[in-house]
Amino acid sequence: MGTRWQTIALTSKKKTDLLDITEAVSGACQKAGATEGLVVVYCPHTTAGVLIQEAEPGLLRDLEGWLSRVVPPDEAYHHNRIDDNAASHLRAVLSGASVVVPLRGGRPALGTWQRVLFVELDGPRERGVHVGVIA
Amino acid sequence: MGTRWQTIALTSKKKTDLLDITEAVSGACQKAGATEGLVVVYCPHTTAGVLIQEAEPGLLRDLEGWLSRVVPPDEAYHHNRIDDNAASHLRAVLSGASVVVPLRGGRPALGTWQRVLFVELDGPRERGVHVGVIA
Amino acid sequence: MGTRWQTIALTSKKKTDLLDITEAVSGACQKAGATEGLVVVYCPHTTAGVLIQEAEPGLLRDLEGWLSRVVPPDEAYHHNRIDDNAASHLRAVLSGASVVVPLRGGRPALGTWQRVLFVELDGPRERGVHVGVIA
Numbered sequence: 000m001g002t003r004w005q006t007i008a009l010t011s012k013k014k015t016d017l018l019d020i021t022e023a024v025s026g027a028c029q030k031a032g033a034t035e036g037l038v039v040v041y042c043p044h045t046t047a048g049v050l051i052q053e054a055e056p057g058l059l060r061d062l063e064g065w066l067s068r069v070v071p072p073d074e075a076y077h078h079n080r081i082d083d084n085a086a087s088h089l090r091a092v093l094s095g096a097s098v099v100v101p102l103r104g105g106r107p108a109l110g111t112w113q114r115v116l117f118v119e120l121d122g123p124r125e126r127g128v129h130v131g132v133i134a
Numbered sequence: 000m001g002t003r004w005q006t007i008a009l010t011s012k013k014k015t016d017l018l019d020i021t022e023a024v025s026g027a028c029q030k031a032g033a034t035e036g037l038v039v040v041y042c043p044h045t046t047a048g049v050l051i052q053e054a055e056p057g058l059l060r061d062l063e064g065w066l067s068r069v070v071p072p073d074e075a076y077h078h079n080r081i082d083d084n085a086a087s088h089l090r091a092v093l094s095g096a097s098v099v100v101p102l103r104g105g106r107p108a109l110g111t112w113q114r115v116l117f118v119e120l121d122g123p124r125e126r127g128v129h130v131g132v133i134a
Numbered sequence: 000m001g002t003r004w005q006t007i008a009l010t011s012k013k014k015t016d017l018l019d020i021t022e023a024v025s026g027a028c029q030k031a032g033a034t035e036g037l038v039v040v041y042c043p044h045t046t047a048g049v050l051i052q053e054a055e056p057g058l059l060r061d062l063e064g065w066l067s068r069v070v071p072p073d074e075a076y077h078h079n080r081i082d083d084n085a086a087s088h089l090r091a092v093l094s095g096a097s098v099v100v101p102l103r104g105g106r107p108a109l110g111t112w113q114r115v116l117f118v119e120l121d122g123p124r125e126r127g128v129h130v131g132v133i134a
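Protein chains in written order, with numbering that gives the first Met the number 0: chain H, 0 to 134; chain L, 0 to 134; chain U, 0 to 134.
Derived from the structure by calculation, the hints contain no laboratory data.
Take these hints with a grain of salt, some might be off.
Identical copies carry no separate label here, and so any pair may be met within one copy or between two of them.
Result set (SDA-like, lysine to any residue): computed pairs, CA atoms no more than 25 Å apart in a straight line [what the hints assert, rightly or not]:
1) K12 with T111
2) K12 with H77
3) K13 with E63
4) K13 with G110
5) K12 with K30
6) K13 with A75
7) K13 with H129
8) K13 with A23
9) K30 with G110
10) K12 with G110
11) K30 with G104
12) K14 with G110
13) K14 with T111
14) K12 with D73
15) K13 with S67
16) K14 with L109
17) K12 with E125
18) K13 with T111
Please model the entire structure based on the sequences and the hints provided.
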């Protein structure tokens, strides 16, 4: 019993970019070698996040569109006097910095339509997420 | 020490349906038999979620109303050409796929007003959540 | 291996108040004495939450402003007939009741710009959060 952390390197290609990292997370679980426990995927960035959803391409476009409506890019944000990416930070609050998934039989026990998505909100950039297997 | 996963079966009755599953989660903790640790409630669905809030009936109506305003049902969603439930998916992003609660003295150590809520967003359906006790 | 829970007492000073609790969370990790594992920060309140973001003062003002726009204070909320704080509850849904952070080398392994923020949404009040170290 214990925790093993691994890091997955990612490259985003666009300002907003939704990357399906399910296979990489599964691979990290296999390397960890545990069977029953909890998988934690942690995003160490403040203008990106992770979430669990279906990766249907139309839905990913809808998610991008919705994020840009619920956090409009053109408000008079105070943070933009420093870094011009306040909307990226606020959208990251919506996506969240981590997800947890059951580990069962050595694999992340996602539901039928669930995928682990990395949510780039201020790309393109080199990024990384940490995968912890607790068992 | 280790992790035990159990599944709670649920039946939602409406398109949007907020179910208080606190007692079922507490029951799963009792069965697991551990005293100190972490309880994870995981929703394996992409048009439903779980969250922790007060279960006051007026507040639950407010939560339903707010979800329908912040993710309107009638946008021109791309996903709707496939499944006509894009708004349900986007609302599920807001609720989130999991919650964690401290396990103390063999029970979920919720605050005074906190309840664990299953958030159905595309019902009515047969659903399930997984409860993991890590201790 | 096991879990140790500690409680951090907090005092908010305003109706909406974003408190950087990173140092207190780090201190709880040091007291727990474990090296590799998971840190859980749990908010037992329904009109407050915790999240991970940059603590730049302009961004915190932007976050406050965005919360008041996405959950307006002046809707005809049903819960307000009981307690007049429905908007605080709905904003707490957005912030979430918990965060998890990797524990590495005995410390919370936050990203460069990440801080753990307590999000008071119905203050000023005496509050508390529970910090669990799982290792």
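Do the hints match the structure? See the list:
Taking identical chains as interchangeable, the C-alpha atoms of K12 and T111 lie at most 25 Å apart only when they sit on different chains, with a minimum of 22 Å there against 27 Å within one chain. Taking the closest pair of Cα atoms, K12 and H77 come within 25 Å of each other only across two copies (22 Å); inside a single copy the shortest separation is 27 Å, beyond that limit. In the homo-oligomer, the alpha carbons of K13 and E63 lie at most 25 Å apart inside one protomer (12 Å), although the nearest pairing across protomers, at 28 Å, exceeds that limit. In the homo-oligomer, the alpha carbons of K13 and G110 lie at most 25 Å apart only across protomers (21 Å), although the nearest pairing inside one protomer, at 28 Å, exceeds that limit.
In this assembly of identical chains, the alpha carbons of K12 and K30 never lie at most 25 Å apart, being 27 Å within a copy and 42 Å across copies at closest. For the identical chains of this complex, K13 and A75 are neighbours both inside a copy (23 Å) and across copies (23 Å), given an alpha-carbon limit of 25 Å. Within a single copy, K13 and H129 get their C-alpha atoms as close as 21 Å, which meets the 25 Å cut-off; across copies the closest is 35 Å, which misses it. Proximity of K13 and A23 under a CA criterion of 25 Å is satisfied intra-copy only: 20 Å inside one chain copy versus 37 Å between copies.
With identical chains, the CA atoms of K30 and G110 are at most 25 Å apart both within one copy (22 Å) and between copies (24 Å). Taking CA atoms no more than 25 Å apart as the test, K12 paired with G110 passes between copies only; the shortest distance there is 21 Å, against 28 Å inside one copy. For the homomeric pair K30 and G104, the shortest alpha-carbon distances inside one copy (13 Å) and between copies (21 Å) are both at most 25 Å. In this assembly of identical chains, K14 and G110 lie within 25 Å of each other by CA distance solely across copies; the values are 20 Å between and 29 Å within a copy.
For the identical chains of this complex, K14 and T111 are inter-copy neighbours only, at 20 Å across copies versus 29 Å inside a copy, given an alpha-carbon limit of 25 Å. In this homomeric assembly, K12 and D73 come within 25 Å of each other (Cα to Cα) only inside a single copy, at 22 Å, whereas the closest approach across copies is 30 Å. With identical chains, the CA atoms of K13 and S67 are at most 25 Å apart within one copy only, with a shortest distance of 14 Å there and 29 Å across copies. Within a single copy, K14 and L109 get their C-alpha atoms only as close as 28 Å, which misses the 25 Å cut-off; across copies the closest is 23 Å, which meets it.
Proximity of K12 to E125 under the C-alpha cut-off of 25 Å is restricted to the intra-copy arrangement: shortest distance 9 Å within a copy versus 39 Å between copies. For the identical chains of this complex, K13 and T111 are inter-copy neighbours only, at 22 Å across copies versus 28 Å inside a copy, given an alpha-carbon limit of 25 Å.
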